[in-house]
Amino acid sequence: MENGVQVRQVFLVNLPRNEVYARWRRLRDFPRFMKYVRRVEEIDEKRSRWTIEGPRGRSVTWEAEIVEEEPDRILAWRSVGDADIRHGGRVEFFDGTGGRGTVVATRMSYESPIGKMTPAVARLFGEDPATQVREDMRRFKRLLETGEIPTVDGQPTGAEPTETSEESAATAKRSRRGRRTAESGEATP
Amino acid sequence: MKAACWNGKTNVVIRDVPEPKILNPRDAIVRVTTSAICGSDLHLYGGFVPSMEKGDILGHEFMGEVVAVGPAVSNLFEGDRVVVPFAIACGACYFCERELWSLCDNSNPSAGKLEKLNGSATSGLFGYSHLYGGYAGGQAEFVRVPFADVGPMKVPAALEDEKVLFLSDIFPTGYMAADNCDISPGDTIAVFGAGPVGQFAIRSAFLLGAERVIAIESVPERLAMAEAGGAEPLDENAGDVIERLREMTGGMGPDSCIDAVGMEAHGHGMVDWYDKVKQTVKLEQDRPIVLRTAIMACRPGGTVSIPGVYAGFLDRVPLGAAFAKGLTFRMGQTHVHRYLRRLLEHILDEDIDPSFVITHRIGMEGIPDAYETFRDKKDGCIKVVIKPRGDLA
Numbered sequence: 010m011e012n013g014v015q016v017r018q019v020f021l022v023n024l025p026r027n028e029v030y031a032r033w034r035r036l037r038d039f040p041r042f043m044k045y046v047r048r049v050e051e052i053d054e055k056r057s058r059w060t061i062e063g064p065r066g067r068s069v070t071w072e073a074e075i076v077e078e079e080p081d082r083i084l085a086w087r088s089v090g091d092a093d094i095r096h097g098g099r100v101e102f103f104d105g106t107g108g109r110g111t112v113v114a115t116r117m118s119y120e121s122p123i124g125k126m127t128p129a130v131a132r133l134f135g136e137d138p139a140t141q142v143r144e145d146m147r148r149f150k151r152l153l154e155t156g157e158i159p160t161v162d163g164q165p166t167g168a169e170p171t172e173t174s175e176e177s178a179a180t181a182k183r184s185r186r187g188r189r190t191a192e193s194g195e196a197t198p
Numbered sequence: 008m009k010a011a012c013w014n015g016k017t018n019v020v021i022r023d024v025p026e027p028k029i030l031n032p033r034d035a036i037v038r039v040t041t042s043a044i045c046g047s048d049l050h051l052y053g054g055f056v057p058s059m060e061k062g063d064i065l066g067h068e069f070m071g072e073v074v075a076v077g078p079a080v081s082n083l084f085e086g087d088r089v090v091v092p093f094a095i096a097c098g099a100c101y102f103c104e105r106e107l108w109s110l111c112d113n114s115n116p117s118a119g120k121l122e123k124l125n126g127s128a129t130s131g132l133f134g135y136s137h138l139y140g141g142y143a144g145g146q147a148e149f150v151r152v153p154f155a156d157v158g159p160m161k162v163p164a165a166l167e168d169e170k171v172l173f174l175s176d177i178f179p180t181g182y183m184a185a186d187n188c189d190i191s192p193g194d195t196i197a198v199f200g201a202g203p204v205g206q207f208a209i210r211s212a213f214l215l216g217a218e219r220v221i222a223i224e225s226v227p228e229r230l231a232m233a234e235a236g237g238a239e240p241l242d243e244n245a246g247d248v249i250e251r252l253r254e255m256t257g258g259m260g261p262d263s264c265i266d267a268v269g270m271e272a273h274g275h276g277m278v279d280w281y282d283k284v285k286q287t288v289k290l291e292q293d294r295p296i297v298l299r300t301a302i303m304a305c306r307p308g309g310t311v312s313i314p315g316v317y318a319g320f321l322d323r324v325p326l327g328a329a330f331a332k333g334l335t336f337r338m339g340q341t342h343v344h345r346y347l348r349r350l351l352e353h354i355l356d357e358d359i360d361p362s363f364v365i366t367h368r369i370g371m372e373g374i375p376d377a378y379e380t381f382r383d384k385k386d387g388c389i390k391v392v393i394k395p396r397g398d399l400a
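Chains B and U, in that order, give the protein sequences. Counting in this note's numbering, the first sequence tops out at residue 198, every number present. Counting in this note's numbering, the second sequence tops out at residue 400, every number present.
For the record, the hints were derived by calculation from the structure and aren't laboratory data. In this text, a Cβ means the ideal position worked out from N, Cα and C, and glycines have one as well. Be aware that one or more of the hints could be misleading.
[To be verified] Label-pair ranges, simulated between beta-carbon atoms: (1) U/G15 x B/D162: 20 to 30 angstroms; (2) B/N27 x U/K28: 34 to 44 angstroms; (3) B/N27 x U/P325: 47 to 57 angstroms; (4) U/D356 x B/A139: 52 to 62 angstroms; (5) U/D360 x B/P80: 57 to 67 angstroms; (6) U/P307 x B/E79: 32 to 42 angstroms; (7) B/D162 x U/M338: 26 to 36 angstroms; (8) U/F330 x B/R65: 29 to 39 angstroms; (9) B/E79 x U/G308: 35 to 45 angstroms; (10) B/R41 x U/D383: 48 to 58 angstroms; (11) U/V324 x B/R109: 25 to 35 angstroms.
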C-alpha cells in the first residue's frame with residue numbers, strides 16, 4: 010500500500026499458549042516491549058487509548074478497539090476515529106510442534122488516511138518496519154521467558170568521554186540512541 | 008575501577024572506568040579475584056572481530072566474589088565465591104532447556120544484528136564484541152553478570168582460584184571438544200594445536216576414555232606440556248603430518264581429529280567478510296590448513312571436532328573427502344554450564360589440576376604487554392592469569 014505499511018512476523022515463545030495469550034491481552038504492557046508505544050490505557054474491555062512517540066519528541070494518540078477476540082487463539086484490534094494514523098494489529102497463537110511453546114504470528118498495519126506517509130508513520134515504520142516489529146516481538150518473548158529484557162545500557166565503558174569527529178559511526182549511532190531514550194523519558198527496556 | 012579496554016587493533020589500555028551497577032533483576036556484581044587472557048581474546052587484539060568499539064572492556068574468563076545481587080536472584084548471596092561461564096544463558100529458552108547454553112536466544116541484546124549475519128542469533132558473551140551483546144568483560148576489578156541465577160557456580164573454599172578459574176571457558180571448551188568425539192575405548196584422538204584449549208582437550212580425551220592422544224604442534228614448550236599430559240607429540244614442522252598420523256595409527260588414521268586452532272577472520276557483512284577472510288588466508292597460511300589436514304587425516308567414519316573459532320567463509324575445504332569418508336563434524340561455542348559440575352568433580356577428585364597450564368601471573372598493569380607476549384608465544388607463554396588487585400600468589 011502506498012500510504013502505509015503492513016508487516017507480518019512470527020516468533021516462538023517457550024511458554025504454554027494460554028499464558029502467552031494472557032500476557033499479550035494485557036494491552037497496557039505493550040510499552041514494555043513495543044519500542045515506540047509510550048502508553049496504552051485500557052478504557053474498558055474493548056477500548057484503549059494509545060500514546061505513540063512521534064518524531065522530535067511529539068506524541069501521537071489514538072483510540073483503538075478490539076475487533077476480534079478468541080481467547081488463547083486470536084486477538085485483533087484497530088484504531089477508531091480520525092487520528093492521523095490508522096493502525097491495526099492481528100495476532101494469532103498456535104502451539105509449536107514438539108514442545109516448542111507457542112507460535113505468535115502478528116500482522117500489523119499503519120496507514121495514513123490523508124493519502125501520504127506522514128512523518129509520524131515514516132518515523133514509526135518507514136525505515137525497516139519488519140525489523141521494528143520483529144524486535145518488538147523479541148522483547149515480548151524475552152520478557153515472558155526471562156522476566157527481563159537483556160541490556161548493556163548503563164554498563165561501564167572505557168570510551169573517552171569527549172567524542173571527536175573521528176569517532177566511529179557506531180559510537181555516533183549509540184549516542185543518538187541515548188538522546189532518544191532521554192527524550193522519551195522512559196527507562197531503558 | 009581499573010579495566011583492560013580495547014583501544015583499536017593491537018592496542019589494549021588500562022583505564023579507570025565506573026564500577027558496574029545492577030541493571031536487570033537477575034543481575035549480580037562480582038568482584039574479580041582472578042581473570043585470564045584467552046586465545047580467542049587474541050582475535051579481538053588482532054582486530055579480526057568486527058563490531059568492537061574503543062573502550063570495550065575485555066575478558067571472558069573470570070571468577071570472584073559476589074558483592075551485590077538483583078532482586079530476582081535468590082540462589083546467590085554477597086560473599087559467595089563463584090566461577091562464571093563465558094557464555095551468558097537465561098536458563099528458560101528452548102535452547103537452555105536442552106542444555107545448548109551457548110545458543111541461548113534471550114541473552115544477546117544485539118540478537119537482531121547477529122541474526123542477519125548468521126541466520127539466527129546465539130548467546131551473549133562477556134567481552135566479545137557488540138555482535139555478541141557488547142557485555143563488559145572480566146579483565147576488570149568488577150563485572151556485572153546477567154542471569155546470575157543461572158550461570159555462576161559456587162566453588163568450594165578449599166580449592167584455590169587457579170584450580171577452578173578455567174571452568175569459565177578453556178577446561179569445558181577442551182572437554183566439549185573431546186566429548187564431541189564420542190570416544191570409545193581404544194580410540195586414538197589427534198589434537199591439532201597445543202595451546203590452552205588443546206591442552207585441556209588432550210587431558211579431557213583421556214578422562215573420557217581415549218587410549219591414545221596425538222598432539223600436533225610446532226612450539227616446543229607446548230609440545231612438552233602436551234607430552235606431560237600423556238599425549239604423543241608430533242612436531243608439525245618435522246614432515247608430512249597426514250602421513251605420520253597414518254603411520255602412527257596402523258595406516259587407518261585417528262578416530263577423531265580436534266581442531267583447536269581455528270581461524271582468525273571475521274567481517275562485517277557478507278562481502279567484507281569474504282574479502283577479509285581471503286586476505287587472512289593469504290597472510291596466515293596455517294589457519295585453514297589445520298581444518299583441511301584434520302579432514303584428510305581422519306579415519307573413515309570418524310569425527311572432526313572444532314573448538315577453534317571460525318567465522319565466515321573458507322576456501323578449498325575438502326568437503327568431497329569429508330563426504331567420501333563419511334565424517335561427522337561437531338563444533339560451536341562451548342555449552343559451559345553443561346560441564347561445570349562434572350568438571351568440578353574431576354578437580355575435587357584430583358583427576359586433574361587445571362592450573363598446570365599457567366605460565367604467567369600478572370597484575371592489571373601487566374595486561375597490555377601480556378597480550379603481545381601471548382600472541383607472539385614469547386617467553387614460553389601458554390596461559391596468562393590476572394590478579395586484578397595485585398595479590399599475586
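Going down the list of hints, with the structure as the test:
1. U/G15 x B/D162: 20 to 30 angstroms: The hint (20 to 30 angstroms, Cβ to Cβ) holds, given that U/G15 and B/D162 are roughly 23 angstroms apart.
2. B/N27 x U/K28: 34 to 44 angstroms: At roughly 37 angstroms between Cβ atoms, U/K28 and B/N27 fall inside 34 to 44 angstroms, so the hint holds.
3. B/N27 x U/P325: 47 to 57 angstroms: Given a distance of about 52 angstroms, which is inside 47 to 57 angstroms, the answer is holds.
4. U/D356 x B/A139: 52 to 62 angstroms: With Cβ atoms ~53 angstroms apart, the hint holds.
5. U/D360 x B/P80: 57 to 67 angstroms: With a Cβ separation near 59 angstroms, U/D360 and B/P80 satisfy 57 to 67 angstroms, so the hint holds.
6. U/P307 x B/E79: 32 to 42 angstroms: violated (56 angstroms)
7. B/D162 x U/M338: 26 to 36 angstroms: holds (32 angstroms)
8. U/F330 x B/R65: 29 to 39 angstroms: Violated, since U/F330 and B/R65 (Cβ atoms, about 58 angstroms apart) do not stay within the stated range.
9. B/E79 x U/G308: 35 to 45 angstroms: violated (53 angstroms)
10. B/R41 x U/D383: 48 to 58 angstroms: Because 50 angstroms falls inside the window, the suggested range holds.
11. U/V324 x B/R109: 25 to 35 angstroms: At 33 angstroms between Cβs, range holds.
Hints 6, 8 and 9 from the earlier list are contradicted by this structure; the remaining hints agree with it.
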